[in-house]
Amino acid sequence: MIELKKISKRFESRNILSDVSATFQKGHINLVIGGSGSGKTVMMKCMVGLEEIDEGEIIYDGQRFSGLTKKERKPYRQQIGMVFQGGALFDSLNVEQNVMFPLSMFTEMSLEEKRDRVNFCLKRVNLPTAQKLMPSELSGGMKKRVAIARAIATNPNYLFCDEPNSGLDPRTSIVIDNLIKEITEEFNITTIVNTHDMNSVLEIGDKIIFLYQGSKWWEGNVDDILRTDNKEINDFIFASKLAKGIKKV
Amino acid sequence: MFVKDMMNRPEKFSIYWKQFVRELDNFGYGSLGIVALVSTFMGAVITIQTVYNLFNPLIPLSAVGIVARDSIILEFSPTMISLVLAGKIGSSIASEIGTMRVTEQIDALEIMGINSAAYLVLPKVVAAVLIFPFVVTISMFLGIFGGWIAGTASGVIPSVDYIQGLQNQFIPYNVTFAIIKSITFAYIITTVSSYHGYHTKGGALEVGKSSTDAVVYSSIMILIFDYILTQLILI
Ligand SMILES: Nc1ncnc2c1ncn2[C@@H]1O[C@H](COP(=O)(O)OP(=O)(O)OP(=O)(O)O)[C@@H](O)[C@H]1O
Ligand SMILES: [Mg+2]
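Chains as they are written, first to last, in the numbering used here: chain A, 2 to 250; chain B, 2 to 236.
Please keep in mind that the hints were generated in silico from the structure rather than gathered at the bench. Take these hints with a grain of salt, some might be off.
[Said to hold, decoys possible] Sample of chain A residues at the chain B side, in silico, Cβ under 7 Å:
| # | residue |
| --- | --- |
| 1 | L51 |
| 2 | K75 |
| 3 | M83 |
| 4 | G87 |
| 5 | A89 |
| 6 | F91 |
| 7 | P103 |
| 8 | M106 |
| 9 | K217 |
| 10 | W219 |
Just so you know, even glycine gets a beta-carbon here, dropped at the ideal spot from N, CA and C.
Bound-form chain B, shown alone (with noise of 0.2 Å):
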């Protein structure tokens, strides 16, 4: 209902435009920074744990470089950023939306006869979309990456070992799953807290509540994704 509100034809398209561009400089490069960091991190715990787990001398070093470059291309790449990022775009969404929304902005929109919902809402879906793949991407080189380092760095693993492995059965279809989870997942954030800031009722604790609520539900909403995405996808 809520999404077939905000599909009906766009009145001005100059409007909706300068509110796209701001919101894929504010989801794009506004959560460069945190995602860095994360995945960095993040792709190093993960080339540790595994040469830890997959001690036996059977067992080449360079499987380590295929293990951590699955795990972080198939699920740590998309899922635990789309995580973050629910935490970090979705609840500044609610607020911003849920602001609006008791301030009254959303009916001074209203009165000057715009779709509030389309407007306010439909770019931000448009820009999370678009933007989310390339973000996801980049984690993936960043947590290789950050493997990579931390496992020469602390010796674990040598570089040759580790590059070798990363380009042993490499497959692509694998980053076009990860690009399809990445996608859904945007969707899923940016409707989702829309939805919780749009409904909004009361003062700014309810603001508060929506802005929690926004996180809380697209995390869990994105976890039951992931797992019918992988089910139906993968097997």
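This is chain A alone, in the form it adopts within the complex (with noise of 0.2 Å):
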């Protein structure tokens, strides 16, 4: 579980979260959503700790993660994985090494070790047969998958994506978006997706917290979001004619 107890972050004198406390379950999906530039990508970057937040706390667990130094932080790094917006694969390294990169980095497994758990990652995502490949020769589904694949080769107790299906197709969306339910459930990880895919949301969300602006507007989950009378909530999320079509049936 984490926590967020009011924090707010600035960028040069401008705020781009302000105020916002929320809580995130372990063992389900919670699901960040907002337009763009509403403040999801910082904010996923201030909980891990690639950004510093001006005010507030951040709590993993009952301990406090904002405010230590980065030795500090160390213990937690192998507890966390994240899916970058565009993938964030390393260029230099095939698929195998990529994923097998954190486990170098944390743990003391042999060769052989390390190659089965990262074949195990690659079946988890459907990828069974991409060991050589190099991040150019995928597709960008793939390297969404791969990213998976390498944010849980080390077993993470908590899993970060930022728009893990942002620029696919709507069938390879929904294919991701199961994983990583199916991922967070099996593992049972505290899952925070930022999102601004409105299937994703009818398709996996569990927990919703809607960002407007930089401030927490509204949250509940898929049963409230479509009956929500919010007039922010329902631009953003019924943006389309369709859409609204739907809601109104």
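Fit the two chains together into the complex; they arrive one by one in their own frames, and the hints show the way.
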């Protein structure tokens, strides 16, 4: 479980996040939704310590994470897996080396054991034979899946996914969403997913937080979202005519 | 600050070693072609120009060998080759690290608790500092050889005179000085270019800009340090 207590983040006196409080449950997918520029990526980077918050607290399973030094955060590093918005695979390494990288960093496994683990993770994301391909030879969806494999390689307790299915066709999106859902439930991970994809919201939205201009505007689950009469969220989720039609029905 | 940041203790030696070997190959083997080309032609031009400038019955032709050798060893090989490599290696370092920055690969390293500055920069600096003296030495030989070819082929200076000149008044310390220069320039190129790459913000356009900046600033620094070192050591 991860808790945010009134966190705020500024870039050069511009408020990007203001007073956001939220709880992210273990074993569930916690969705963070919001329009482009609403602060989703910044919030995620603050939560994993790539950016420092200016005010508030971030709590990992009862332990304070914000305010720790780099060194004090080391034990958390192995527990955190992150899938970046663009995949962020290492260009100079092939798929196998990419997924193996965190294993070499964090574990004393032998090469054989690491290979087994890599193969297991790649199978898990449906890419059982991609080991020797370079990132430049992968399609967008394959990159995302390799990024997921790398993120889960060390069996993390916390999984962060920044728009895991942006730029993918609806079918691949759903495959990836369901993959994240399965992994989350199977390994009882605290998973946080940023998205602005309505299909994902309906497909895997256990718990949803809506960010609007850097503030938490609304929270609830899928059923709530279909019923809410909050104007901003309706404008966001039901932006298209088709969606508005669906909502009326 | 940046240099201090990357000197923090490396996490896992093996991942640094792999990077180091890759860079060694990249900087050494990867730049031989251009270094050979530039050095040979440079030596040829220097020799012919020296003959032209020294055209005087009172000066023996072998003086051409001395002048060509000394200018190649002291200035042309270490400085000019470093400027050429600032263009080649500097831009590739800045765009490699810059691309990693804008595609969040550096964030991905940090997330795994890796000191990304150390991991990306240290192997490059060490590899360049080790390999540059060799590259520059090769360039010296090729430059002198290029001079010999040009001199004899065009007939402006007979082979015997040139070779005799090469052996005259040879000061080994000049080579040491050239090696010191090449090490300094290797350090400048790798740190300046890494710095520009690492601090890239934005997208592909900014990566291009960082890479240009890297070449411009490393070249300027090379020229300034060339002057400082020459004044400090030779005078
Ligand atoms: N390093 C930074 N320096 C200054 N401003 C930043 C920085 N990173 C993000 N911002 C600003 O913070 C705001 C929120 O950006 P963020 O990337 O979190 O949006 P997002 O919700 O992830 O959008 P998208 O859905 O397009 O990814 C934007 O206005 C952006 O300009
Ligand atoms: Mg984002």
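Tested hints:
{"no.": "1", "hint": "L51", "result": "holds (5 Å)"}
{"no.": "2", "hint": "K75", "result": "holds (5 Å)"}
{"no.": "3", "hint": "M83", "result": "holds (5 Å)"}
{"no.": "4", "hint": "G87", "result": "holds (5 Å)"}
{"no.": "5", "hint": "A89", "result": "holds (4 Å)"}
{"no.": "6", "hint": "F91", "result": "holds (6 Å)"}
{"no.": "7", "hint": "P103", "result": "holds (5 Å)"}
{"no.": "8", "hint": "M106", "result": "holds (5 Å)"}
{"no.": "9", "hint": "K217", "result": "violated (24 Å)"}
{"no.": "10", "hint": "W219", "result": "violated (28 Å)"}
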